[in-house]
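Note that the protein sequences, when read in sequence, are chains A and B. Using this note's numbering, read the first sequence as starting at 1 and increasing by one per residue. Using this note's numbering, read the second sequence as starting at 1 and increasing by one per residue.
Source of the hints: derived by calculation from the structure; they are not laboratory data. Heads up, the beta-carbon is just placed ideally off N, CA and C, and yes, glycines get one too. One or more hints might be untrue.
[To be verified] Label pairs and their computed distance ranges (CB to CB):
#, chain 1, residue 1, chain 2, residue 2, range
1, A, R290, B, T329, 30 to 38 Å
2, A, P417, B, E220, 49 to 57 Å
3, A, S266, B, V359, 50 to 58 Å
4, B, D363, A, G94, 35 to 43 Å
5, A, I100, B, K85, 54 to 62 Å
The primary structure of each chain is shown beneath.
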Amino acid sequence: MLQLARFYSLARTKAIHSHGAPFRPEYALKCGLEIHTQLNTKNKLFSQSTNSATSLVDAPNHHTSYYDIALPGTQPVLNLEAILFAMKLSLALGSQVNSISQFDRKHYFYGDQPQGYQLTQHYRPFARGGKINLSKELDDIDESAKEIGILQLQIEQDTGKSHYTETDKDVITLVDLNRSNVPLIELVTKPDFSDIKQVRAFIKKYQNLVRHLHISSGDLETGAMRVDVNLSINEYARVELKNLPNTSSIINAIKYEYQRQVELISVGDTSSLMEPETRGWTGSSTVKLRSKETTIDYRYMPDPELPYINLAQDVISGVRGLMPQLPDDIMRMLMKKPYQLSLKDAKILTYNSNQNDMYNHEALRSYYLDTFREFSKLAGERSNAKLPTNWIIHEFLGDLNKLQIPLARAKEILPPPVFAQFLKLLHEEVISATSGKMLLFHILENFKQSNCQDLSIPDFSKLIEKFELHAINQVDPQELMDLCNDVIAQHTDDTFIRNLVTGKKKSSLKFLIGQGMRRSQGRIKANEFEKKFKEILNIQW
Amino acid sequence: MPLKRSLKESIERLSSFQSKYNIFTSINPSPYSITNKKGTKETLTGCVASIKDNIVTKDFPTTCASHILENFKSPFDATVVKLLKQAGVHILGKTNLDEFGMGSGGVHSIRGPVINPLYPHEDKKIMGGSSSGAAASVACDLVDFALGTDTGGSVRLPACYGSVLGFKPSYGRLSRFGVIAYSQSLDTVGILSKKINVLRKVFHTLDKYDMKDPTSLSVELRELIEGNKKVRRPLKVGIVKEFSHESMPIGFHRLYLSLLEKLINLGLEIYPVSIPSVKNCLPIYYTLSPAEAASNLSRYDGIRYGYRDSELDIKDGILFAPTRSKFGTEVKNRIILGNYNLCSDAFKNNFIKAEKLRVNLIDEFDGIFRFPNVLTNSKGNPDGLDILIVPTSSKLPGSIRDFEEEEAKSPANSYINDVFTVPMSLAGLPSLSMPLKEKTPIGLQVVGQYGDDSTVLDFVESIS
Numbered sequence: 001m002l003q004l005a006r007f008y009s010l011a012r013t014k015a016i017h018s019h020g021a022p023f024r025p026e027y028a029l030k031c032g033l034e035i036h037t038q039l040n041t042k043n044k045l046f047s048q049s050t051n052s053a054t055s056l057v058d059a060p061n062h063h064t065s066y067y068d069i070a071l072p073g074t075q076p077v078l079n080l081e082a083i084l085f086a087m088k089l090s091l092a093l094g095s096q097v098n099s100i101s102q103f104d105r106k107h108y109f110y111g112d113q114p115q116g117y118q119l120t121q122h123y124r125p126f127a128r129g130g131k132i133n134l135s136k137e138l139d140d141i142d143e144s145a146k147e148i149g150i151l152q153l154q155i156e157q158d159t160g161k162s163h164y165t166e167t168d169k170d171v172i173t174l175v176d177l178n179r180s181n182v183p184l185i186e187l188v189t190k191p192d193f194s195d196i197k198q199v200r201a202f203i204k205k206y207q208n209l210v211r212h213l214h215i216s217s218g219d220l221e222t223g224a225m226r227v228d229v230n231l232s233i234n235e236y237a238r239v240e241l242k243n244l245p246n247t248s249s250i251i252n253a254i255k256y257e258y259q260r261q262v263e264l265i266s267v268g269d270t271s272s273l274m275e276p277e278t279r280g281w282t283g284s285s286t287v288k289l290r291s292k293e294t295t296i297d298y299r300y301m302p303d304p305e306l307p308y309i310n311l312a313q314d315v316i317s318g319v320r321g322l323m324p325q326l327p328d329d330i331m332r333m334l335m336k337k338p339y340q341l342s343l344k345d346a347k348i349l350t351y352n353s354n355q356n357d358m359y360n361h362e363a364l365r366s367y368y369l370d371t372f373r374e375f376s377k378l379a380g381e382r383s384n385a386k387l388p389t390n391w392i393i394h395e396f397l398g399d400l401n402k403l404q405i406p407l408a409r410a411k412e413i414l415p416p417p418v419f420a421q422f423l424k425l426l427h428e429e430v431i432s433a434t435s436g437k438m439l440l441f442h443i444l445e446n447f448k449q450s451n452c453q454d455l456s457i458p459d460f461s462k463l464i465e466k467f468e469l470h471a472i473n474q475v476d477p478q479e480l481m482d483l484c485n486d487v488i489a490q491h492t493d494d495t496f497i498r499n500l501v502t503g504k505k506k507s508s509l510k511f512l513i514g515q516g517m518r519r520s521q522g523r524i525k526a527n528e529f530e531k532k533f534k535e536i537l538n539i540q541w
Numbered sequence: 001m002p003l004k005r006s007l008k009e010s011i012e013r014l015s016s017f018q019s020k021y022n023i024f025t026s027i028n029p030s031p032y033s034i035t036n037k038k039g040t041k042e043t044l045t046g047c048v049a050s051i052k053d054n055i056v057t058k059d060f061p062t063t064c065a066s067h068i069l070e071n072f073k074s075p076f077d078a079t080v081v082k083l084l085k086q087a088g089v090h091i092l093g094k095t096n097l098d099e100f101g102m103g104s105g106g107v108h109s110i111r112g113p114v115i116n117p118l119y120p121h122e123d124k125k126i127m128g129g130s131s132s133g134a135a136a137s138v139a140c141d142l143v144d145f146a147l148g149t150d151t152g153g154s155v156r157l158p159a160c161y162g163s164v165l166g167f168k169p170s171y172g173r174l175s176r177f178g179v180i181a182y183s184q185s186l187d188t189v190g191i192l193s194k195k196i197n198v199l200r201k202v203f204h205t206l207d208k209y210d211m212k213d214p215t216s217l218s219v220e221l222r223e224l225i226e227g228n229k230k231v232r233r234p235l236k237v238g239i240v241k242e243f244s245h246e247s248m249p250i251g252f253h254r255l256y257l258s259l260l261e262k263l264i265n266l267g268l269e270i271y272p273v274s275i276p277s278v279k280n281c282l283p284i285y286y287t288l289s290p291a292e293a294a295s296n297l298s299r300y301d302g303i304r305y306g307y308r309d310s311e312l313d314i315k316d317g318i319l320f321a322p323t324r325s326k327f328g329t330e331v332k333n334r335i336i337l338g339n340y341n342l343c344s345d346a347f348k349n350n351f352i353k354a355e356k357l358r359v360n361l362i363d364e365f366d367g368i369f370r371f372p373n374v375l376t377n378s379k380g381n382p383d384g385l386d387i388l389i390v391p392t393s394s395k396l397p398g399s400i401r402d403f404e405e406e407e408a409k410s411p412a413n414s415y416i417n418d419v420f421t422v423p424m425s426l427a428g429l430p431s432l433s434m435p436l437k438e439k440t441p442i443g444l445q446v447v448g449q450y451g452d453d454s455t456v457l458d459f460v461e462s463i464s
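Using the sequences and the hints given, assemble the complete structure.
See below:
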């Protein structure tokens, strides 16, 4: 790795402890966010290097071209994919894409800044305006609705990374330029946030949006998304908070800084709050990094060789045509008729949690919607919306996780029309829920045992026949009587019976019904058992 | 002459010129490149060339005549070098220059000044810069042609002082990929030669779109320019009033008038013309170019290549100061001036204003030319001119001592040398400096509208 002498230090100050004090109305918080998002384009912003800055397995300085290390004589060539991604984000936020934007050089020296400047969009940013709407319904905020305005979006280069290591003799800085020249979008919000919940909701929503648009991994942990906070209280000077690696540090830093300023204001010691300053987060407290006097002049200059980004209206409307349905719209659609999903289930189908290898939310959503449609066709008007939800989102996914079968594979033997037939069997009570669970698991388990190679579509009626899973409509009274007597003999004693019959412990009946269901493998319905047990035990309540 | 004797003589000649005039920063005396086997009539195969040492080459170090890039060797060839190699050209060496192309005397080099070979027996005279070694290599007949770079006159002025042809094509025609940036909005690869037909062949070899250079003239615009070409008879030639011909060197007027007479005899029409913005050109140039230079030279921190202070990266809290203190005085001057122009307080008053005035200048040029400008969408003035003729320099090459003394008084003294060449750089116009008399450092620029390089070349060929 490239090396240089240490040139970084973080002043430490005494920590003040936040007591988790609540936000107080007499100290109004005003807060805005600056979010840097790495775009997951194939190549870097101005070179052909592979863009995989967050890949931890890669050797340092592996993803670098002559341009990325700023060799003399190299030139930037704009990656148009980054422009497309920026347009998608701008349109999703309702921002006004500027027909002409330009790149400017922001100058400062640093070991991980090989050109001595960063290409950004200072004078004419890519887009202005736009908003994200938060709601109590979808985002768990206190207000019924809250709009967070967007000031602007700009495209810029990421810098390299500096690693500080201490040896016996010295502290050195190691420089890794894999991240250098990775495309970033900087988004600046208006100072519209007035409490922590809104900040948390916004970050989550924005993160999901960039994932939804497939323009970024949106991960805070890898630095693919980085959040700085601007904050002020009661019109005192603005403080910028940096070095916030994850949501909890963002939240805790705001809490801490709020508390710190409130304490200063309440004792009248506001001299340090008159001038803007930049503070870092140590993990437990905020510390001053620099104030206005030490702010450097970045000497912004329009880049003299990159052409303007000149976007014709038909290009913008063309991209508009490529836009997917946005998450809030999807959520609202799923929570309305005919689907009527719960908030939790709708989120499973809408938000990318990046946590499951077996499926992604988009594939699952389209599987759900397709199956729902097929099922509605088969079952007609009176089809039960709960069936596809429960059986796909809960039962089916549970089986896939248990058996470690990717959705994409399972879909080969259970395409939506076939799954819809299965649902129809349940809907028409051809099989009971218990039998259905068994049958579904059996089909998937067999598939897994064939190493997902046996792609024959399951024949439900044959399997039902084979395992005798038919729900019994005409119950043989003798069989039912025998079963019930058996259950009573095996699972009860005198006290149990007395408590049940007198109504002292009514829930015991459920237990007996459950045992009966199990013995009949679900073929006999619960209400048949209930009737019979009451009859045998002479239960009057 | 047997090859062995010819080789020996050539090597002796080369090393004698090198020690006398300090032309090269590095030389590769292969048998091919020093026996000076000329190209055939149609192709450049076998031609010998020199490359200015701010254009990167795999086979030679590239130093920009700067301490900062000592021992730097590029892992790739500039596009123009690649194209020449593909055409079978032999590269004799890399030529000396003013550090990073900054200077008009050819004296600001870590390798020492280039000496003007037109004055072998006198006090050492300047070659003119910054493509000083390029002009000297051509003047001494060591090469068939040389590649230089021209930001504000850096090909044309030394060509004039060496009494050779020096051509700065339209901005964007020749790829800048691999040309170490001084001021990208102005930097242009230029060609120096004694023969117009060689110069033309080199131009045609290099005149190609390059996707690696974001300022390369696109294929579409090249085609548009071709489509705009039609026979213009009689050719209309303009003399610009604002380029004062007072205080011109002795001998200039007689040579100039005889050329005009020749043009009239050839049936060309000559008109006086006014371009008022010309008076703004030096302030515009010395606002924009140092700002770009300060920015471009920020990358020289020593971490990844080039010179590095072996002990320190940081001094008095300032990153890279120990390393960057090794820039030469002129480069440092321009970095300071450029950073001043970019400071947030000065930016609006200086940089933005200079950019606006630059646009005004281009508009004025568009107003007087008959040929359309494909970059500005100017349709061309139907009654306009085809060619301008402008002196290259108001001075003859002075002694190195005088030049350095003048500059010591004020760096701005040498900036005035660019007064005739800078306007075409700011407007990106094709401009060819041609000697008015053999072995005489008096030159005249032939200037065409943007993209109309072929008219410039045709004109020079017709009067050569």
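A quick look at each hint next to the structure:
Checked against the hint of 30 to 38 Å, the pair R290(A) and T329(B) passes, with Cβ atoms roughly 33 Å apart. Against the hinted window of 49 to 57 Å, the Cβ-Cβ separation of P417(A) and E220(B) comes to about 51 Å, which satisfies the hint. S266(A) and V359(B) have their C-beta atoms about 57 Å apart, which keeps the hinted 50 to 58 Å range intact. Distance hint check: the CB atoms of D363(B) and G94(A) are about 39 Å apart, consistent with the given range 35 to 43 Å.
Between I100(A) and K85(B) the CB atoms are about 39 Å apart, so this pair departs from the stated range of 54 to 62 Å.
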